[in-house]
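A.B. asks: Here is how the chains run, residue by residue.
2 protein chains.
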Amino acid sequence: MSNQPNHPALLIPGPIEFDDAVLQSMSHYSESHVGAPFVATFGETLSMLRKLFQTTDPSSQPFVISGSGTLGWDLVAANLAEPGDDVLVLHTGYFADSFSDCFETYGVKATQLKAAIGSRPQLPEIEKALKEKKYKLLTVTHVDTSTGVLSELKALSELVHRVSPDTLVIVDGVCSVGCEEIEFDKWQLDGVITASQKAIGCPAGLSISMYSGRAIKAFQSRKTPPGSYFASFKNWMPIMQNYEAKKASYFATPSPQLVHALHTSLTQILSKPLSDRFAAHRAASQKVKKAVTELGLKQLASDPADQANGMTAIYLPENVKAPELLPNLLKKGVIFAGGLHKEIATKYIRVGHMGVSVTDPKRDDIDRAITALQGGLSDAGYQKA
Amino acid sequence: MSNQPNHPALLIPGPIEFDDAVLQSMSHYSESHVGAPFVATFGETLSMLRKLFQTTDPSSQPFVISGSGTLGWDLVAANLAEPGDDVLVLHTGYFADSFSDCFETYGVKATQLKAAIGSRPQLPEIEKALKEKKYKLLTVTHVDTSTGVLSELKALSELVHRVSPDTLVIVDGVCSVGCEEIEFDKWQLDGVITASQKAIGCPAGLSISMYSGRAIKAFQSRKTPPGSYFASFKNWMPIMQNYEAKKASYFATPSPQLVHALHTSLTQILSKPLSDRFAAHRAASQKVKKAVTELGLKQLASDPADQANGMTAIYLPENVKAPELLPNLLKKGVIFAGGLHKEIATKYIRVGHMGVSVTDPKRDDIDRAITALQGGLSDAGYQKA
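Protein sequences appear in the order of chains X and L.
Here my numbering is used: the first residue of the first sequence is 53, the next is one more, and so on.
Here my numbering is used: the first residue of the second sequence is 53, the next is one more, and so on.
Keep in mind the hints are simulated off the structure, nothing from the lab.
One or more hints might be untrue.
Given that identical chains are not distinguished, each listed pair holds provided it fits within a single copy or across any two copies.
The calculated lysine to aspartate or glutamate pairs, modelled on EDC-like cross-linking and capped at a C-alpha distance of 20 Å, are [what the hints assert, rightly or not]:
1) 275 - 156
2) 275 - 153
3) 299 - 376
4) 161 - 179
5) 286 - 153
Just chain X, with the same shape it has in the complex:
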């Protein structure tokens, strides 16, 4: 079934399990970062990202940079906003707090619109906020990895374009690109930042993002230079455009091995209709969520419309402690994650269901996860009330 040695199934909300061929691409022999073979691989990778994000507008601009998902925040904060600008951050968990910190680092004033844990800001209050102040951009965490809350992008973007048409719509898609439907052009998104190690199914180490022509224009009409050097559009944009045109170019050395792995992963993803992929994630998610409900447990996201399809955040029963349950699950061969939302970190656990664990019919990761969770809770003395 797999060339990988026997190991516990990694079912945290990223990094995820990787396909054998993707891991093999990680050990590609060394190539020059400016030689024709690698330039072609990188160029194709950038073009494939356009398909993953469902954008055919030639003014859209993909970026692949060595870094992590976090670097995407710097890309947005240091290029698409200027010191003194106001930005509106929709808060659905831990990651909105960090994104706000990132804006503040670059002198950008972040206003948070918060929802109760497990919920998300509603359109009427967002509309009200957008009418109160002129925001350079709005950010939304598509799936907050700390809570498993899914945000709705289409209606949100429509609202922003209607009420505050100059405001850029920026999506933190670290835990959504590759498992949640995203139609970059159709939904008129201006930026989606993500990383390699979640539903895209490539080892960690790459910041991946897509910007609209409108976002690039906003960048080009800045009055001040970008606030970061390593995360500067000015430094990277010509490089990305050259690679995609199959021309060698240098600003900082990319990672040929990681780009090869991303190329392999994207080739696999795009070999089937994206709609099938999203359906497979919805189906696996429903299976997990049904089992959780049957166990009498509640999710952080109480409204099914707010529940992510790539992960599930589950409140623990009163007497079950994560520091005892998680090691027991590991013994049963699956790795879940603990809580991450500061206020309630000890009270819940998280399970990821993304990538090959849900799309590869030869894998039984999800069934094993459910069986392990049932057994683990039973071992802890839990019985459904």
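Since the structure of chain X is already known, use the hints to place chain L on it.
C.D. replies: Same frame as chain X, now just chain L:
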């Protein structure tokens, strides 16, 4: 000899050829970035870096962050200097210009001390500059990859400590760590930034750096917050300290595969005395430089004391053009690099001799490089005058 498929030997000054075991570590199965096995691997990697940099001072602080060598400039400029500070940048090629740009991005005033191409600023003029103005820090490119010029660190650091004792001594060691002697403690260095893909022998994708207790104190006494979010000491320092203490910690997701590869590479490097490693690089370098001289060619670095041991930058004969020579060398099975220094880019080529290509007795990369260069020049009609 190698598990890697037959491929041309990559002999540019980074990325270099990688050992089989290092490449195999790149395809390690997926692990949680906060699980005990990976935390141990990352912790050991950080501790091994102390040995590579020859520092036993517990107040020294290693960093390993997903990114490229370029990110190291942001780490320095956004954390060790503040807006309005003056810094002195010793210029030996392309990379000092970029480092200066990076400082300016963060509002730091960079003064360059330039030398003629192929040379380096001399101690008396550096002393004069240090006496004229108070500099927060001084940067030196240990080996400038664009020119192959080696800077002398020991006497330079002594000078700075004598003349301007509050000035931090910062080394751009991207093209030197792992192939040039660096004694971090003994030479009283305050920061050395580097990357994974050169003489350290691990695929690109990691920014690696070491800072002295004095540098960390300078950071802690900043009046303004760090200028970058992704490159912030404030965000990363607790993470690095926790990993090294074998405690899970999270700011941004590291790349377990790249860290495994770095762990393998450092284990190999440290299995033998570092002095042997540096001697092997000196010997290979002498072999290449002797062949270059015998061909009647000149190096950019004319003074042998200024010549790097991990690479050689070679002026082409009048009638030999790089765009014809380099593809011919590729046909002969070796990849050299073109020129990078803007003013003379078309007039020279560069060859790297680092890592397994010089330390693995089973490899004949250096001999093949020399033979290919001789043949390539002959094919181009060149005859020694």
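A.B. asks: All the hints need checking, so say for each whether the structure fits it.
C.D. replies: Results for each hint:
1. Taking CA atoms no more than 20 Å apart as the test, residue 275 paired with residue 156 passes in both settings, with 18 Å inside one copy and 16 Å between copies.
2. Taking CA atoms no more than 20 Å apart as the test, residue 275 paired with residue 153 passes between copies only; the shortest distance there is 18 Å, against 23 Å inside one copy.
3. Taking identical chains as interchangeable, the C-alpha atoms of residue 299 and residue 376 lie at most 20 Å apart only when they sit on different chains, with a minimum of 17 Å there against 54 Å within one chain.
4. Only within a single protomer do residue 161 and residue 179 lie at most 20 Å apart by alpha-carbon distance; the minimum there is 19 Å, versus 43 Å between protomers.
5. Proximity of residue 286 and residue 153 under a CA criterion of 20 Å is satisfied inter-copy only: 12 Å between copies versus 23 Å inside one chain copy.
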